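Colleague: Residues per chain are reported as follows:
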Amino acid sequence: MNVNWFKFASPPAFYSLAGRLIPIFWGLTLTLLVIGLYWGFFQTTDQLGGSNPQKEYYRIIFIHVSSAWMSMWLYFVMVVWAAIGLVFNTRLSFMMAKAIAPTGAVFTFLALWTGAFWGRPSWGTYWDWDPRLTSELVLFFMYIGYIALHSAIDDIRRADRASALLAIVGLVMVPVIFWSINCPDPNQCAALHQRSNLTKIDGNILFAMLTMSLAFWMYSFAATFMRLRSLILTREAESIWVRELLTQRGEQ
Amino acid sequence: MKARQKRLVFIGLAIIGIGAASTLAITALNSNISYFFSPSQVLANEAPPNHVFRLGGLVTKGSLIRESDSLKIHFDVTDNAKTVKVIYTGILPDLFSEGKGVVTKGKLGADGVFYAEEVLAKHDEEYVPPEVASTLKTAHAEGVTNTATTSNGASN
Numbered sequence: 001m002n003v004n005w006f007k008f009a010s011p012p013a014f015y016s017l018a019g020r021l022i023p024i025f026w027g028l029t030l031t032l033l034v035i036g037l038y039w040g041f042f043q044t045t046d047q048l049g050g051s052n053p054q055k056e057y058y059r060i061i062f063i064h065v066s067s068a069w070m071s072m073w074l075y076f077v078m079v080v081w082a083a084i085g086l087v088f089n090t091r092l093s094f095m096m097a098k099a100i101a102p103t104g105a106v107f108t109f110l111a112l113w114t115g116a117f118w119g120r121p122s123w124g125t126y127w128d129w130d131p132r133l134t135s136e137l138v139l140f141f142m143y144i145g146y147i148a149l150h151s152a153i154d155d156i157r158r159a160d161r162a163s164a165l166l167a168i169v170g171l172v173m174v175p176v177i178f179w180s181i182n183c184p185d186p187n188q189c190a191a192l193h194q195r196s197n198l199t200k201i202d203g204n205i206l207f208a209m210l211t212m213s214l215a216f217w218m219y220s221f222a223a224t225f226m227r228l229r230s231l232i233l234t235r236e237a238e239s240i241w242v243r244e245l246l247t248q249r250g251e252q
Numbered sequence: 001m002k003a004r005q006k007r008l009v010f011i012g013l014a015i016i017g018i019g020a021a022s023t024l025a026i027t028a029l030n031s032n033i034s035y036f037f038s039p040s041q042v043l044a045n046e047a048p049p050n051h052v053f054r055l056g057g058l059v060t061k062g063s064l065i066r067e068s069d070s071l072k073i074h075f076d077v078t079d080n081a082k083t084v085k086v087i088y089t090g091i092l093p094d095l096f097s098e099g100k101g102v103v104t105k106g107k108l109g110a111d112g113v114f115y116a117e118e119v120l121a122k123h124d125e126e127y128v129p130p131e132v133a134s135t136l137k138t139a140h141a142e143g144v145t146n147t148a149t150t151s152n153g154a155s156n
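Note that the protein sequences, when read in sequence, are chains A and B. The opening position of the first sequence corresponds to residue 1 in the working numbering, with each subsequent residue numbered one higher. The opening position of the second sequence corresponds to residue 1 in the working numbering, with each subsequent residue numbered one higher.
One or more of the hints may lead you astray.
Unchecked claim - Label-pair restraints from in silico Cβ distances:
{"#": "1", "chain 1": "A", "residue 1": "121", "chain 2": "B", "residue 2": "52", "range": "18 to 28 Å"}
{"#": "2", "chain 1": "A", "residue 1": "154", "chain 2": "B", "residue 2": "13", "range": "40 to 50 Å"}
{"#": "3", "chain 1": "B", "residue 1": "52", "chain 2": "A", "residue 2": "42", "range": "42 to 52 Å"}
{"#": "4", "chain 1": "B", "residue 1": "24", "chain 2": "A", "residue 2": "250", "range": "52 to 62 Å"}
{"#": "5", "chain 1": "A", "residue 1": "120", "chain 2": "B", "residue 2": "70", "range": "38 to 48 Å"}
None of these hints come from the bench; they were simulated from the model. On a predicted model such as this, the values are computed, not experimentally measured, just so you know. The C-beta atom is built at its ideal place from N, Cα and C for all residues, glycine as well.
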């Protein structure tokens with residue numbers, strides 16, 4: 001199969017491609033969400049045992065870990081598109097980065113919020129200035145800063161480039177968040193947050209957690225593509241293809 | 001060099017710079033002693049005197065005493081080398097228990113006792129049902145030959 005991928009770097013081509021993909025991603029999101037939530041609520045243990053005897057509230061893990069993963073992953077993807085935009089001056093790459101930011105910010109907020117509600121019963125506090133919690137909060141501010149900077153500059157091309165640079169600088173936070181609990185010597189990681197180790201998680205819990213993560217990922221595609229389509233229409237409002245599209249819609 | 005290649009080099013350098021900054025930040029976090037102090041550090045006078053700081057470690061087994069007429073609680077925090085006595089008045093978090101990790105915030109008294117204002121429980125990254133955990137623990141602690149005789153006492 002020979003696909004010309006660069007064809008989709010043009011806004012009109014990507015606009016129609018995204019339009020066809022969005023329903024697929026919504027379908028995948030809902031399917032995975034139903035499976036993940038069902039498995040998380042009905043196929044997993046009611047109470048944890050061993051050295052971590054948490055009660056029902058441990059189920060926050062299915063939302064918390066999945067959204068925390070997405071918050072870091074989406075930031076990375078956003079920076080990749082921002083860098084491609086800066087190097088190749090491609091319009092669509094900048095729009096891609098801008099379209100990802102709100103979804104990333106939502107997942108970061110969700111990770112912090114569910115973390116607070118999990119921290120209260122298990123640790124005994126909603127918030128503490130622990131390295132993991134603090135670095136995740138900084139990531140949230142990076143997303144907000146990116147969105148704010150972009151909307152503060154009127155000229156779209158300048159706004160794209162300035163906020164892309166800010167996003168690239170903020171990439172420094174992603175490895176810090178990761179290693180804030182996963183440093184090689186556990187005695188050096190003075191933290192309240194536990195380390196992450198997928199091998200110490202029961203199979204059913206892990207399955208629900210990974211399914212929820214996939215659901216959130218598919219949601220990210222759906223939400224980003226919808227935002228991207230409206231961005232394309234706004235930015236290309238004066239172009240011939242958008243006018244033709246609008247007249248076609250008008251005639252139907 | 002074309003303009004595009006220049007930008008590519010620029011972004012490449014920027015990302016290398018950010019990698020360096022990340023490494024520095026992680027190194028700083030690794031040698032971070034300000035989140036909490038271990039009992040050994042406290043007894044070596046590394047913790048700030050007359051200031052609120054966090055003391056972290058394990059609750060010594062058998063050290064927990066609840067006063068019968070108040071919410072006052074006594075326990076020891078250890079790092080398996082040194083031990084600091086802690087006094088706290090209040091309600092302990094759900095996961096607080098002897099032998100488990102704890103982070104307490106408070107001041108060190110002149111009597112060498114740590115007066116905690118806040119006690120937080122640490123838990124590890126093991127998420128398994130109780131049955132699985134007890135079998136693992138039995139096999140690990142007692143050895144496989146003894147599992148049959150100790151299976152009753154393993155669930156706690």
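Colleague: Hints first: check each against the structure and report whether it holds.
Modeller: Going down the list of hints, with the structure as the test:
no.: 1; hint: A/121 - B/52: 18 to 28 Å; result: holds, 24 Å
no.: 2; hint: A/154 - B/13: 40 to 50 Å; result: violated, 29 Å
no.: 3; hint: B/52 - A/42: 42 to 52 Å; result: holds, 45 Å
no.: 4; hint: B/24 - A/250: 52 to 62 Å; result: holds, 58 Å
no.: 5; hint: A/120 - B/70: 38 to 48 Å; result: violated, 24 Å
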